[in-house]
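A.B. asks: One letter stands for each residue in the lines below.
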Amino acid sequence: MPDKRDTQYLTMKKLKLLLCTIALGLVPWLGMAADAPPPAVAETAAAVTNAVAAVAEAPAAPAADPAATLKIGMDTMWVLLCGALVFWMNAGFACVESGMCQQKNTANILAKNFVVFACASLSYYFIGWGLMFGDGSDWVGTEGIFMLKGEDNSPATGDAYKGVYSSINWTGVPLYAKFFFQLVFAGTAATIVSGAVAERIKFGSFVLFSFVLVAFMYPVTGHWIWGGGFLADMGFYDFAGSTVVHSMGGWAALAGVIVLGPRAGKYLANGKVHPFPGHSLALSTIGVFILWLGWFGFNPGSTMGVGDGSAMAHVFVTTNTAAVAGIISAMITAWLLLGKPDLSMILNGCLAGLVAITAPCAFVSVGASIVIGLIAGVLVVLSVLFFDKMKIDDPVGALSVHLANGVWGTLALGLFADAKISKAVSGFEVTGGMSQLMIQLKGVLAVAAFTFIISFIVWYVLKATIGIRVTAEEEQEGLDIGEHGNEAYPDFVINNK
Amino acid sequence: MPDKRDTQYLTMKKLKLLLCTIALGLVPWLGMAADAPPPAVAETAAAVTNAVAAVAEAPAAPAADPAATLKIGMDTMWVLLCGALVFWMNAGFACVESGMCQQKNTANILAKNFVVFACASLSYYFIGWGLMFGDGSDWVGTEGIFMLKGEDNSPATGDAYKGVYSSINWTGVPLYAKFFFQLVFAGTAATIVSGAVAERIKFGSFVLFSFVLVAFMYPVTGHWIWGGGFLADMGFYDFAGSTVVHSMGGWAALAGVIVLGPRAGKYLANGKVHPFPGHSLALSTIGVFILWLGWFGFNPGSTMGVGDGSAMAHVFVTTNTAAVAGIISAMITAWLLLGKPDLSMILNGCLAGLVAITAPCAFVSVGASIVIGLIAGVLVVLSVLFFDKMKIDDPVGALSVHLANGVWGTLALGLFADAKISKAVSGFEVTGGMSQLMIQLKGVLAVAAFTFIISFIVWYVLKATIGIRVTAEEEQEGLDIGEHGNEAYPDFVINNK
Amino acid sequence: MPDKRDTQYLTMKKLKLLLCTIALGLVPWLGMAADAPPPAVAETAAAVTNAVAAVAEAPAAPAADPAATLKIGMDTMWVLLCGALVFWMNAGFACVESGMCQQKNTANILAKNFVVFACASLSYYFIGWGLMFGDGSDWVGTEGIFMLKGEDNSPATGDAYKGVYSSINWTGVPLYAKFFFQLVFAGTAATIVSGAVAERIKFGSFVLFSFVLVAFMYPVTGHWIWGGGFLADMGFYDFAGSTVVHSMGGWAALAGVIVLGPRAGKYLANGKVHPFPGHSLALSTIGVFILWLGWFGFNPGSTMGVGDGSAMAHVFVTTNTAAVAGIISAMITAWLLLGKPDLSMILNGCLAGLVAITAPCAFVSVGASIVIGLIAGVLVVLSVLFFDKMKIDDPVGALSVHLANGVWGTLALGLFADAKISKAVSGFEVTGGMSQLMIQLKGVLAVAAFTFIISFIVWYVLKATIGIRVTAEEEQEGLDIGEHGNEAYPDFVINNK
Amino acid sequence: MKKIEAVIKPFKLDEVKEALTAIGVLGMTVTEVKGFGRQKGHTEIYRGSEYTVEFLPKIKLELVVADSMTAPAVEAILKAAKTGKIGDGKVFVMPIDNIIRIRTDETGEQAV
Amino acid sequence: MKKIEAVIKPFKLDEVKEALTAIGVLGMTVTEVKGFGRQKGHTEIYRGSEYTVEFLPKIKLELVVADSMTAPAVEAILKAAKTGKIGDGKVFVMPIDNIIRIRTDETGEQAV
Amino acid sequence: MKKIEAVIKPFKLDEVKEALTAIGVLGMTVTEVKGFGRQKGHTEIYRGSEYTVEFLPKIKLELVVADSMTAPAVEAILKAAKTGKIGDGKVFVMPIDNIIRIRTDETGEQAV
Ligand SMILES: Nc1ncnc2c1ncn2[C@@H]1O[C@H](COP(=O)(O)OP(=O)(O)O)[C@@H](O)[C@H]1O
Ligand SMILES: Nc1ncnc2c1ncn2[C@@H]1O[C@H](COP(=O)(O)OP(=O)(O)O)[C@@H](O)[C@H]1O
Ligand SMILES: Nc1ncnc2c1ncn2[C@@H]1O[C@H](COP(=O)(O)OP(=O)(O)O)[C@@H](O)[C@H]1O
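Line by line, the protein sequences give chains A, B, C, D, E and F. Residue numbering for the first sequence is 1 to 497, as defined by the numbering used here. Residue numbering for the second sequence is 1 to 497, as defined by the numbering used here. Residue numbering for the third sequence is 1 to 497, as defined by the numbering used here. Residue numbering for the fourth sequence is 1 to 112, as defined by the numbering used here. Residue numbering for the fifth sequence is 1 to 112, as defined by the numbering used here. Residue numbering for the sixth sequence is 1 to 112, as defined by the numbering used here.
By construction, these hints were calculated from the structure, which means they are not laboratory data. Keep in mind that this is a model prediction, so the values were computed, not measured. Think of the CB as a built atom: it goes at the ideal place given N, C-alpha and C, for glycine as much as any other residue. Any given hint could be a false lead.
Residues on chain E that point at chain B, a partial pick, calculated with CB under 10 Å [said to hold, decoys possible]:
#1 1
#2 11
#3 58
Take a look, some chain A residues computed to stay more than 12 Å from chain D by CB distance [said to hold, decoys possible]:
#4 261
#5 433
#6 445
#7 465
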């Protein structure tokens, strides 16, 4: 094949094929774009180009009261900047995952992390958002499900709100701000899968799975919890997504890992584990710092409004404290169990604390956040050892971080929530009763069952049709060359193992 | 030379020379600093050191109305934080460019990216800002051109504004906030050049060119468009700089590449292209993520005010959508044309989408932003192939990303702008007429002609005087050792090719 | 040892030991958490889970006036986002320091930078904050010293404030926002030490020292200056911490370097210096960009409130200008003295400018900030050469950056402060008198004496007890394997030197 | 004494090492090399341009053995390194005059 | 059979490889090495301290050829690798007892 | 002429190089290698799993010397490279037929 083509990339035939494809792709959008009414009536843009700023008339209601407009502006700034921080987590996942994989699969993992957010953005725009936040049944949104095209008068809130996305009408920001913030969360869920199935999955199949996950699976369980579905009705709480995002992504990943099987040579005949050390701890460490920073958008941003600042500040501190507690306890656990404070475990400990505090961050005291983080750090180390014992091969520890600690964090809310912090909910520590814990458990199980089963089926269908695993030779040689024709570090001499 | 000096760095003579140089450099600043009236009369600083906060009296007007002060504060916060994000793009360019160059030139490229922003900061402060935003003719600013020393009562806006920077009086933030935000844009334009001329340019000559670009060339064309010059009068629109920043930088780069010639060995006698693969796709990928994040300051920040949040939110979504559409279409194009989804092309696709949406982001619908991004992704791939066919050697694809797509984005505004989104302007898709498109085209051509010709002359003069290209041996050995005496990765064994 | 354990990590005995440790660790927190009253009475959290947002009643005072609530919200957003940027500097330090060390010590340095912030977070929460900001004597805080548990009605300010942290009652944000912002500063001080003692210090001893530094040493000198102590009373100014953070950390580092001694082989018998080049200039450069970005939180964020935006904007510009002046002058100095513009020196020049402008950023004109940065850039180069001449071995230049320029910046305030910029203070350039300079000098000396002496004692005690230096073999082989059992880049072939 | 050099496929290193230690070989030295031979390289793409990487990663093993060990060692290598696919590599046997152990100054077969 | 080892300048590798394949050499093995010789190293700077890098990057080529190919192969290498500047490198020719192709167990000239 | 190959501990390279230049050796070639021998490797940990790294970093020195230089050169290496601890490495001496300097086409002892 290479010799035939050489530098003759552009045979006439291929060019035609390409142009047709693109033309076909464009026509519908052009149509859409043309007849689409602008979703937000108040959409304005200060024209930078000259002094005659061309601002469309602002809608009557908010403009009447300058303080109200200020508040909307401020809340929007907060939501968008926090959304940008969550977007930034994509870079963190790319670094953590590629750093924890072998050098020969680096370009592939980077490409996966990069492309998955593109898929997520489009599929969440076209269909996911509506299924998640559209009005509808207890199970799924049914109104306004395509392209945010449902009626909506955001930033109106509460009773003033008229539209079909009423489950998210409690925050007074424009529809597109809500959308962007929720979109970056959806992207995170898809990215979790990428690490667990790394170093052996076909690029194309992964892209397809991600598309399905963000278009259908994530929005459905998301609807149950954040979209006014049956779990929300039941009193299930998950502030920023320990379950909506993290354990959900974790279950999808677990199904993938099981269908895919371990990397060749990971589990030896003699029962020993043969580790494939990640090719750059520097990359992984930068990645965890990026994620940690991003989490200051993820958790505090989930207030989706500034209020009097106290909730934001509280969440900043609980988020940070759980992370550092996770670092300390993972470090000590690794030191005791493995003899040395293994950096890869310390990094996982930090992420574990962050995942665990995601659900309860706004509902628990700082003291409780320390306990939650400490337990998360121990849990993640034991969980890594456990999954290896089960021969469930997860190159980056995604299951231990996101699944195990997503579950733990969701349950922790049932233990430590305190109505003195937020009136919403109290847990075992305050009430002495198990009722909230049971509700949290039901939520965890419902999401687990749905996500795991559907994921399993989707992975299985992909396996049976286009295949999900690269050939043994490609796995041996590395997916960079096989899937992308790339070499990540061509100027460096590489250890041949 | 090395043997003579050894560790005897500090001969008396050199020390004297150094001290004189510094003294000479300092005297004028000391003078300036001493007699400079503080540019913003209301400049305050909460003294952190003790409870007696020492705040200078606030000016009467804004303080009268707490909501007005809140609004100024909020807008300033927005502009500064977005400015910080745009500043952050320097790190992105450094990563993308160094990742896409050979290991032996890494320190040189990093140094260039690092120093170019320093040059830009000083030259824009001393002269560039005034030429761009000072009142004056249709062609260039003539008032207040040195060091922001013109009269100015920012944050007053519109008619209340009294001063010489009236073209930017539509945003109600302090002068220094305006300056900082515009400065980071100027820095971006200069950085674009650095990638295209990489791996063979002399460090000193590049620094000089950057200085000229930011002090004179960028401000002049910027004045035409954002400083109330003839293109602004004509109704030319460019929201955040597809042309002001990106295609402008691209033309300067193209002139440089032509005067400089290709890297030795890039274009073989048999007509084939010999690629020099970049030394770290990980670095490049991190860089693109950084740039993408920075673009959430670049585009939405160009509102230079929070308003009711809707414009910011709209721009966030169109910016993101164009980027992901660029990723998808570049990936598909590469897959079809080259046989595999080459990561370096996917990365360029993302940047192409971002550059293209920069001009129209606030004026077009989300549907249109998808179309713009899809076309950008195809364009960037074809453009890379085209420039290689023309033997125009651009190691990082800066021309394909910034020039080709800067032009495309500027024209796209003339196609897709929709007064329903922003009252300012409508394009072909709405009006069915070509008038806006023609205006956009004129703007593109005017900037192209000016920038390309002046750049060509500057490059040529540099070539004829101090020289712009390193010796063939230095190019072979790498610029790190030749220009800086540095080795970027001394502990790693490097492939010798 | 390895052969005995093998994959049998979890002997029953170890498991028990671990569980006991954790249990012991948890019991007290559980207790604390249970009886802890929520520190901020107004703490609220918008419940994302369903439409019935569960918001605790807001306290009467602020809610009465929507503009007041808006202001608190806005200031909190500013403080938290700037705090997040300062947090991000941890990533910058990790990159700069690991990039400037040898490849064989990479994991160790990354682990140190990662863990030190965890230690800082906990020790500042448990004890440091109270010692620093609690009401008390001129020397140290004595009220509310544990876990922010003192009385406090933030965000009330000035006379309305009732509580024990009155030295920081000038900013109207919730207590936890104040705490988070101060915490990230404390973390920075501890991180400075890590670079100077790199490549030879025992991991455990470093962790212990960091704990002591953040729990006791940093808060005490911090109390003197920012906590209403004797230096604040004297009229000593330090806007964002040239002395509170940087020179303080520098003195602690200097004591460490002296007690520890140079790396084996650094200073040769013949009087020459044998450099150990850092293993990745790319990593270092990214790190400096990260730090520079973080400084836009560090300095402008130290306003701890938005006000009318002018102070923030002013600080943005002076911070940036000093950094770029440092780059330019360090580059020229290196070019003149060493013959080439060494990238590692350019990077240090940037950091030097940033450290130097930290104290005076809000008090001096932009012109003065250029002078301060220019001098910083020269100073850092000379300082690196000086410390090497003194055989004081600082692998990353932390002493030259943070100590030398922390001192310079603090004094520069006494030279260039101008009451036209901020009413608080004027220096030599305006008054022609030396009084402010003398006050600044006294502050520098007081902090130096206290920090250096206590640090020396603590390092000495650690050396005499558990030891602070790894064995010669471990130093030779690298601390990654010795301290962590890790290899940072296992897939790359490494130069054996 | 003979020096045996073997160029093998990288992922076979562990098996070859074990085969050699099994027959009593106590020391060997390993180098990362690139091989050019009948086995063709692969095509890579970089920003639209294809190029062929003709040098493939291989491992070179060097071991000095007593004369009596030469045949068994070669045998062991051949058996462990064979996949039967092109590119399996070569074994070279060459003469050697002397070998000295640095630590002890022992020479000849003592030093192997 | 002979073993030819050549230490050459890195950027000459492609030319040398082509010269050798042109005369019918089918296989060779390449190693990244550092050379010390008459060609002096260069001075680098790191944070103000200069140091001399005395070991320069070179490429070592190893090929085993039939006796009849020895002279032409050496000739080809000499011609292709020469720049005439100091540091061009060396060619060593040394005896070899045997060569075996792992894939097929062929020995001697068959296996080259 | 003889070819001397020495496998030594990496940090001894400078001392060995100086010892050799002191006795008049003008050129040598150095390779990064991994050694397997009596010196045992070390255990590393990665995400909870231990593994033993059995191949330790070593430096291989190659130098061709005139016959008369062989003994002094070996002597110099032995002295400079010795630490007395296990893993110090080996010196091999082997025959060589010819050596050619690429730059000048000089052969034999002229070319060393
Ligand atoms: N004549 C030779 N001299 C030195 N090395 C050789 C020679 N021929 C082959 N090799 C090495 O052996 C490797 C395998 O050879 P190759 O011809 O690809 O397949 P095979 O060994 O199956 O015939 C090559 O990559 C090269 O490193
Ligand atoms: N005696 C030797 N033994 C082994 N390698 C040598 C010897 N002399 C030179 N070399 C190798 O050849 C390279 C070139 O040698 P050098 O003396 O610098 O130049 P030239 O080959 O032009 O005389 C050296 O870098 C080294 O790798
Ligand atoms: N028979 C051998 N053939 C080739 N290399 C050997 C041989 N024996 C040892 N080596 C090399 O010498 C190094 C040191 O050998 P080792 O047995 O560990 O210690 P010592 O040299 O002290 O006996 C090994 O790491 C290996 O690189």
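A.B. asks: Which constraints among the numbered hints does this structure fail? Numbers only, ascending.
C.D. replies: 1
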